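Student: Here is what each chain is made of, one letter per residue.
Protein chains: 2
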Amino acid sequence: MTEFEIIARYFARRSRTAVLGVGDDCALVRARKGMVLALSTDMLLSGRHFLPDADPQQLGHKSLAVNLSDLAAMGAEPRWALLAIALPKADGKWIRAFARGFFRLARRFGTELIGGDTTKGPLTISITVIGELPQRLALRRDAACAGDDIWLSGATGEAALGLAHLRGRVRLGGAARKACLARLHEPEPRVKLGLALRGVARSAIDVSDGLLADLGHVAKASRVAAELRWEDIPRARPIASCPDEGLAKECLYAGGDDYELVFTAPRAARARVEAAGRKAGVRVTAIGAMVRGKPGVRVRDSLGRTVSIPRAGFDHFA
Amino acid sequence: MTEFEIIARYFARRSRTAVLGVGDDCALVRARKGMVLALSTDMLLSGRHFLPDADPQQLGHKSLAVNLSDLAAMGAEPRWALLAIALPKADGKWIRAFARGFFRLARRFGTELIGGDTTKGPLTISITVIGELPQRLALRRDAACAGDDIWLSGATGEAALGLAHLRGRVRLGGAARKACLARLHEPEPRVKLGLALRGVARSAIDVSDGLLADLGHVAKASRVAAELRWEDIPRARPIASCPDEGLAKECLYAGGDDYELVFTAPRAARARVEAAGRKAGVRVTAIGAMVRGKPGVRVRDSLGRTVSIPRAGFDHFA
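Going down the list, the sequences are from chains Y and U. Residue numbers for the first sequence follow my numbering, so the first one is 132 and each next one is one higher. Residue numbers for the second sequence follow my numbering, so the first one is 132 and each next one is one higher.
Errors might be hidden in some of the hints.
For chains that are exact copies, the list does not tell them apart, and a pair is met inside one copy or across any two.
To be verified - Calculated lysine-lysine pairs in the DSS-like style (CA-CA distance at most 25 angstroms, straight line): (1) Lys251 with Lys220; (2) Lys351 with Lys251; (3) Lys309 with Lys351.
Keep in mind that the hints were calculated from the coordinates and are not lab data. Keep in mind it's a predicted model, so treat the numbers as computed, not measured.
Input sequences plus hints: build the corresponding full structure.
Tutor: Below you can see the structure in the form of structure tokens.
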């Protein structure tokens with residue numbers, strides 16, 4: 132198979148929404164009236180972002196999911212994607228499974244593949260997603276205000292706990308293992324929630340590096356402090372029942388890869404935030420508040436004492 | 132240095148043209164009135180697209196240049212770029228030089244870096260460029276017509292000859308070596324020519340895989356045959372004076388990496404094509420014609436005899 136055959140056989144699909152899709156020097160797109168385009172790119176490397184023997188269908192899903200999650204965190208509606216992929220060899224079975232995972236998720240969120248690049252090399256996946264939104268409704272990182280509630284979709288920690296299991300740091304039993312590995316390998320981008328939060332939330336970010344680290348980015352960009360309430364942070368069952376409490380705590384606060392949204396909204400918007408969660412089919416929980424002060428994130432228990440957290444978050448060069 | 136410090140120190144520049152640049156989950160952009168956006172992505176891997184010890188400033192230049200070349204081949208005006216990069220280590224000196232090469236070229240073509248992804252891993256660069264153009268003026272691959280002249284900007288082969296020199300297949304002397312290595316390491320994207328050809332040329336592609344291979348893509352997409360005139364194909368001095376004639380021929384017809392434009396235009400547009408070349412400051416040469424027939428590329432000499440060509444073009448999985 133040549134690279135052109137790989138593209139033609141597995142990746143070239145007719146686009147119904149682009150001006151011009153796969154097959155030319157560039158793809159051509161036009162935003163709908165009144166919309167700006169939102170662009171984001173993420174690169175995934177074998178051995179760093181996924182294990183070398185990762186299931187290709189799950190990998191196709193996850194590669195796109197982490198990108199769609201960035202659109203969700205902006206309140207953007209996914210529209211198109213570009214896929215640059217380096218493959219060690221032209222293995223039709225592997226590529227077909229990868230494409231299946233990719234396109235299944237793409238279809239669910241109305242995303243069309245309109246271009247890319249295929250080359251030979253150590254397995255590397257770099258996706259650029261393009262979404263759209265009305266400019267004034269963007270959920271920017273720098274828009275949180277002191278007094279805002281801090282909200283979290285779903286719960287954090289399961290993906291990191293699943294990874295800890297794979298690395299032998301903990302031994303999870305049946306249901307917990309299944310739940311955690313599903314979160315790790317096939318995360319669900321909170322696209323619907325991002326859309327439902329337009330005009331309701333003020334700022335948002337997706338939890339890819341860890342709850343505290345990512346909320347820290349919002350605090351820094353918005354020049355406010357974030358105070359989380361220890362008791363209010365939701366614990367998924369595998370986290371709540373984890374025999375290693377230290378590990379559970381680390382996963383909860385500093386575990387990446389869950390792709391939940393953490394966002395802020397004025398207190399007056401509480402009912403509307405809850406309605407957005409119901410509309411998107413995901414639980415949303417108020418876990419703290421933005422307050423005046425030095426940008427940063429603190430966790431306090433019900434007696435007002437600071438809770439210490441083991442690790443700050445993931446950094447590739449740490 | 133953390134990944135956030137790398138981004139802040141070397142890559143975060145304030146955008147004057149995007150709605151929102153580096154620093155959020157997504158960048159936000161808006162096309163100018165009447166324009167569609169052109170998107171293209173290319174991934175460059177160490178050891179495949181460049182040598183592991185490549186000069187970082189040249190690499191910064193080349194990584195962006197090959198992407199801008201795709202915009203040029205569409206007749207699009209460059210506007211923005213996203214840079215996903217995997218780095219083996221946080222080497223400030225290396226990154227600064229890479230950024231210098233990248234931003235120098237970006238500035239020359241009015242391109243702003245508005246987002247990206249930084250991670251640790253084997254040196255890999257994946258850039259997405261975003262340009263704009265009026266939809267009806269796009270230089271598409273499928274728009275060539277029988278009867279069109281085939282034109283080439285500059286001349287092909289020097290980049291491949293430079294690579295052959297580095298690999299020890301040929302030994303180039305002073306001036307030829309300098310010219311060929313400059314073409315290989317710091318190609319000049321034909322952006323101005325692409326813009327000048329709007330409304331003049333019918334179809335275009337950039338020569339990244341080899342003249343015959345890339346022209347073959349146009350022929351296939353447009354369902355016409357391409358006939359090149361052996362004597363009319365321009366030979367740069369290092370190609371014309373290469374002691375290994377077979378190698379020179381291979382480089383001329385099948386050498387990738389020159390990033391010249393090969394394009395077609397109606398015969399009636401000859402004067403306008405030449406004016407476009409003068410405006411863009413690059414020589415343009417009529418090298419053949421599109422004719423009815425089975426899609427493909429033939430080279431004929433002045434007596435009408437078919438000239439055989441050693442290699443078809445570059446394919447990553449061949």
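Student: Please go over all the hints and tell whether each is borne out by the structure.
Tutor: Cross-check of the supplied hints:
Taking identical chains as interchangeable, the C-alpha atoms of Lys251 and Lys220 lie at most 25 angstroms apart whether they share a chain (7 angstroms) or sit on different chains (23 angstroms). Taking CA atoms no more than 25 angstroms apart as the test, Lys351 paired with Lys251 passes between copies only; the shortest distance there is 24 angstroms, against 40 angstroms inside one copy. For the identical chains of this complex, Lys309 and Lys351 are neighbours neither inside a copy (36 angstroms) nor across copies (49 angstroms), given an alpha-carbon limit of 25 angstroms.
Checked against the numbered hints listed earlier, the structure breaks hint 3 alone; every other hint is satisfied.
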